[in-house]
Amino acid sequence: MKFYEIVVADAHGAERKLRVPSPTDAQAADAAAPLLNSGDSILSIRETPDDGLQRTDGPPPKTQAEELAPTTPGMAARRDPS
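Residues in the sequence shown are numbered consecutively from 1, following the UniProt record's numbering.
Heads up, some of the hints might be wrong.
Below, in silico cross-link-like pairs of lysine to any residue (SDA-like), each with a Cα-Cα straight-line distance of 20 Å or less [what the hints assert, rightly or not]:
1) LYS17 - PRO34
2) LYS2 - THR48
3) LYS17 - GLU47
4) LYS2 - GLN64
5) LYS17 - THR48
6) LYS2 - LEU53
7) LYS2 - ASN37
8) LYS2 - ASP51
9) LYS62 - LEU18
10) LYS17 - GLY52
11) LYS62 - ALA11
12) LYS62 - ASP51
13) LYS2 - GLY58
14) LYS17 - VAL7
15) LYS17 - PRO49
16) LYS17 - PRO60
17) LYS2 - ASP40
Okay, the calculated beta carbon distance ranges per label pair [as the list claims (entries may be wrong)]:
18) LEU53 - VAL7: 18 to 24 Å
19) LEU53 - HIS12: 29 to 35 Å
20) LEU53 - ASP10: 24 to 30 Å
The set of hints was computed from the structure by calculation and includes no laboratory data.
Beta carbons: idealized from backbone N, C-alpha and C, even for Gly.
Construct the entire structure; sequences and hints are all you get.
Rendered as structure tokens:
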């Protein structure tokens, strides 16, 4: 897993930096999406070195299987533990 710094700006131009884990830079935007506020825009995405602390502002992006799980037939067949 790599780490990315994402610079975002709000509608008034105020910038802030987010740090997210992601396998690729394209998926880093997906990882940052839940952290964005309405009106925020991504200005840049840059891979950053792992400092060993692995501090991030959010979790890695979901895989395609995780995104589609609630709508697939396999999910419907899953038994609830209750």
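Outcome of the hint check:
Our distance criterion of 20 Å between C-alpha atoms is met by LYS17 and PRO34, whose separation comes to about 14 Å. Between LYS2 and THR48 the CA atoms are separated by roughly 8 Å; this keeps the pair inside 20 Å, and the hint holds. Annotation: proposed proximity of LYS17 to GLU47 holds, straight-line Cα distance about 13 Å (limit 20 Å). This hinted pair checks out: LYS2 and GLN64 have alpha carbons roughly 18 Å apart, not beyond 20 Å.
Straight-line distance between C-alpha atoms of LYS17 and THR48 comes to about 12 Å, which keeps the hinted pair within the 20 Å bound. Only pairs whose Cα atoms come within 20 Å are accepted, and LYS2 paired with LEU53 is accepted, the gap being roughly 13 Å. The suggested pairing of LYS2 with ASN37 is violated, with an alpha-carbon distance near 24 Å, which exceeds 20 Å. Simply put, LYS2 and ASP51 have alpha-carbon atoms about 11 Å apart, close enough for the 20 Å limit, and the pair holds.
A threshold of 20 Å between alpha carbons decides the hint, and for LYS62 with LEU18 the separation of about 17 Å falls inside it, so the pair holds. Our distance criterion of 20 Å between C-alpha atoms is met by LYS17 and GLY52, whose separation comes to about 19 Å. Among the hinted pairs, LYS62 with ALA11 is inconsistent with the structure: their alpha-carbon atoms are about 27 Å apart, more than 20 Å. The straight-line distance between the Cα atoms of LYS62 and ASP51 is roughly 23 Å, outside the 20 Å bound, and the hint therefore fails.
With a C-alpha separation of about 13 Å, the suggested pair LYS2 and GLY58 falls inside the 20 Å cut-off, and the hint holds. Of the supplied pair hints, the one linking LYS17 and VAL7 holds, its CA atoms being roughly 5 Å apart against a limit of 20 Å. Among the hinted pairs, LYS17 with PRO49 is consistent with the structure: their alpha-carbon atoms are about 15 Å apart, no more than 20 Å. The hinted pair formed by LYS17 and PRO60 meets the criterion: a straight-line CA distance of about 16 Å does not exceed 20 Å.
For the hint pairing LYS2 with ASP40, the CA-to-CA distance comes to about 23 Å; that exceeds 20 Å, so the pair is violated. The beta-carbon spacing between LEU53 and VAL7, approximately 20 Å, falls within the hinted interval of 18 to 24 Å. Checked against the hint of 29 to 35 Å, the pair LEU53 and HIS12 passes, with Cβ atoms roughly 31 Å apart. Our hint of 24 to 30 Å for LEU53 and ASP10 holds, since their Cβ atoms are close to 27 Å apart.
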